[in-house]
Amino acid sequence: FGNDARVKMLRGVNVLADAVKVTLGPKGRNVVLDKSFGAPTITKDGVSVAREIELEDKFENMGAQMVKEVASKANDAAGDGTTTATVLAQSIITEGLKAVAAGMNPMDLKRGIDKAVVAAVEELKKLSVPCSDSKAIAQVGTISANSDETVGKLIAEAMEKVGKEGVITVEEGTGLQDELDVVEGMQFDRG
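In this note's numbering, the protein residues as written are 583 to 773.
Keep in mind that a hint or two might mislead.
[To be verified] Derived lysine-lysine pairs resembling DSS-like cross-links, with alpha carbons at most 27 Å apart:
1. K708 x K590
2. K717 x K590
3. K655 x K692
4. K746 x K603
5. K735 x K717
6. K640 x K717
7. K640 x K603
8. K617 x K655
9. K735 x K707
10. K590 x K603
11. K708 x K697
12. K707 x K692
13. K626 x K655
14. K655 x K640
15. K655 x K609
16. K735 x K697
17. K609 x K640
18. K603 x K707
19. K692 x K680
20. K617 x K590
21. K655 x K603
22. K617 x K603
23. K735 x K609
24. K692 x K626
25. K707 x K717
26. K717 x K746
27. K746 x K735
28. K609 x K717
29. K717 x K626
30. K626 x K609
It should be emphasised that the hints constitute simulated quantities derived from the structure, not laboratory data.
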């Protein structure tokens with residue numbers, strides 16, 4: 583791509599990332615999404631915000647789609663961390679384009695990023711602390727549920743019942759109570 587296309591792609595990256603990054607962390611803000619049909623949606627989920635962004639300019643949209651793919655892959659792999667992945671992608675793309683504009687070989691840059699990823703993953707594995715007790719699991723669940731301690735405790739209780747290899751599905755209910763249902767064996771939601 584020429585410089586004009588790279589600038590437009592970066593603009594698309596920034597439009598999407600700037601919309602998503604306000605949701606970062608426990609003190610992140612909500613975003614209102616205007617749907618083409620139906621009522622607007624309020625969310626604090628980074629990947630939900632990213633999915634709704636489509637830009638008219640072809641190159642800007644290409645940049646936005648790259649970051650949207652990063653958010654989707656983070657969501658698929660971990661179920662969380664989409665906003666963090668988006669912010670990291672924005673930074674890597676911004677600095678990478680600066681390096682390419684300054685004359686760096688793009689393939690050398692990619693190899694350097696790949697080496698940095700390996701080093702970062704190794705360091706994160708060293709720093710990670712396994713959740714061994716119900717209290718730690720409740721803390722992680724609370725943070726993932728936007729500081730909702732009730733949901734965090736329910737997640738810890740569900741983890742105790744199904745174990746580390748069990749499947750936990752969180753669904754929005756129709757009532758006012760939070761509840762936990764344990765299903766033994768298999769369940770098919772088809773008639």
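Exercise for the section: If any of the earlier hints don't hold here, list their numbers in rising order. Expected result: The structure conflicts with hints 1, 2, 4, 6, 16, 17, 24, although it agrees with all the remaining ones.
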